[in-house]
Amino acid sequence: MKRMSHIVALCLVAVAFGLPQNFREVERREPIKILRSEVSPIDGANFSNFIFLFFPKILFRNRKWNSNTKGRNHRVTGTVQYGWIFHFPLDDGTIGEVRYIADENGYQPESALIPTPHPLPAHALEQIRFAEEQRARGVEWDIRGFQI
114 MKRMSHIVAL
124 CLVAVAFGLP
134 QNFREVERRE
144 PIKILRSEVS
154 PIDGANFSNF
164 IFLFFPKILF
174 RNRKWNSNTK
184 GRNHRVTGTV
194 QYGWIFHFPL
204 DDGTIGEVRY
214 IADENGYQPE
224 SALIPTPHPL
234 PAHALEQIRF
244 AEEQRARGVE
254 WDIRGFQI
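In terms of the numbering used here, the sequence shown opens at residue 114 and continues consecutively.
No wet-lab data here; the hints were simulated from the structure. Glycine residues also receive a C-beta, built at the ideal position from the N, C-alpha and C atoms. The reader is advised that the hints may include incorrect statements.
Said to hold, decoys possible - Ranges of calculated distance between the beta carbons of each label pair, as one might list FRET restraints:
hint, residue 1, residue 2, range
1, 228, 144, 28 to 34 Å
2, 216, 252, 37 to 43 Å
3, 208, 162, 20 to 26 Å
4, 133, 166, 44 to 50 Å
5, 258, 220, 26 to 32 Å
6, 128, 203, 43 to 49 Å
7, 234, 254, 22 to 28 Å
8, 145, 239, 49 to 55 Å
9, 218, 144, 25 to 31 Å
10, 162, 205, 56 to 62 Å
11, 145, 228, 37 to 43 Å
Stated by the list, open to error - Simulated pairs of lysine to any residue, SDA-like, Cα-Cα distance not exceeding 20 Å:
hint, residue 1, residue 2
12, 177, 216
13, 170, 205
14, 177, 151
15, 170, 131
16, 177, 218
17, 170, 216
18, 170, 208
Take these sequences, add in the hints, and give me the full structure.
See the structure below:
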């Protein structure tokens, strides 16, 4: 019985910790204002385009196009490609831009804002070159790391 009262007490403590700390009503925010909205109709499934400009200076463009090559039976073959462009204000007041395309080669982002890996250090490049030389000579290794 003692153990049961401890479990009930622990459950009540857990409920007390789970209660919201702030009982104020959740503040309501105004919806984002759309300053410009342009949507072009889809041209047969070959092309579509839309542009949205939101407050504060956030621009979103989307384009879809088809490579539109005719195959057998006069059916359209080819890949559908999408292109997106985002413009948005940065903390320093400048406008940042991110572009990307999705097509048969996959997702391809482009922007000066995307982090890039640092160049490999000289010792790592030397190790890669050495391993390629060994591979070219046909050197093989066993499961324990010894040369065969």
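Each hint tested on the structure:
1. The hinted range of 28 to 34 Å is satisfied by residue 228 and residue 144, whose Cβ atoms lie roughly 32 Å apart.
2. The hint said 37 to 43 Å for the Cβ distance between residue 216 and residue 252, and at roughly 40 Å that hint holds.
3. Remark: the range hint 20 to 26 Å for residue 208 to residue 162 is upheld by a beta-carbon distance near 21 Å.
4. Distance hint for residue 133 and residue 166: a CB-CB separation of about 37 Å, inconsistent with the stated range 44 to 50 Å.
5. Between residue 258 and residue 220 the beta carbon distance is about 37 Å. The supplied range of 26 to 32 Å is therefore violated.
6. Checked against the hint of 43 to 49 Å, the C-beta distance between residue 128 and residue 203 comes to roughly 44 Å, which is consistent with it.
7. Evaluation of the 22 to 28 Å hint for residue 234 and residue 254 yields a pass: the beta carbon distance comes to about 24 Å.
8. Residue 145 and residue 239 have their C-beta atoms about 53 Å apart, which keeps the hinted 49 to 55 Å range intact.
9. Checked against the hint of 25 to 31 Å, the C-beta distance between residue 218 and residue 144 comes to roughly 37 Å, which is inconsistent with it.
10. Checked against the given bound of 56 to 62 Å, the beta carbons of residue 162 and residue 205, roughly 31 Å apart, lie outside it.
11. A hinted range of 37 to 43 Å is violated for the C-beta pair residue 145 and residue 228, which are about 27 Å apart.
12. With a CA separation close to 10 Å, the supplied pair residue 177 and residue 216 stays within the 20 Å bound.
13. As the CA atoms of residue 170 and residue 205 are separated by approximately 14 Å, the hinted pair is consistent with the 20 Å bound.
14. For the hint linking residue 177 to residue 151, the alpha-carbon distance of about 14 Å falls within 20 Å, and the restraint holds.
15. For the hint linking residue 170 to residue 131, the alpha-carbon distance of about 40 Å lies beyond 20 Å, and the restraint is violated.
16. Pair hint residue 177 plus residue 218 holds up; C-alpha atoms about 15 Å apart against a cutoff of 20 Å.
17. Of the pairs offered as hints, the one joining residue 170 and residue 216 is violated, with about 28 Å between alpha carbons and a cut-off of 20 Å exceeded.
18. Between residue 170 and residue 208 the alpha-carbon distance is near 9 Å, which keeps this suggested pair within the 20 Å criterion.
Violated hints, listed in ascending order, are 4, 5, 9, 10, 11, 15, 17; each of the other numbered hints is respected by the structure.
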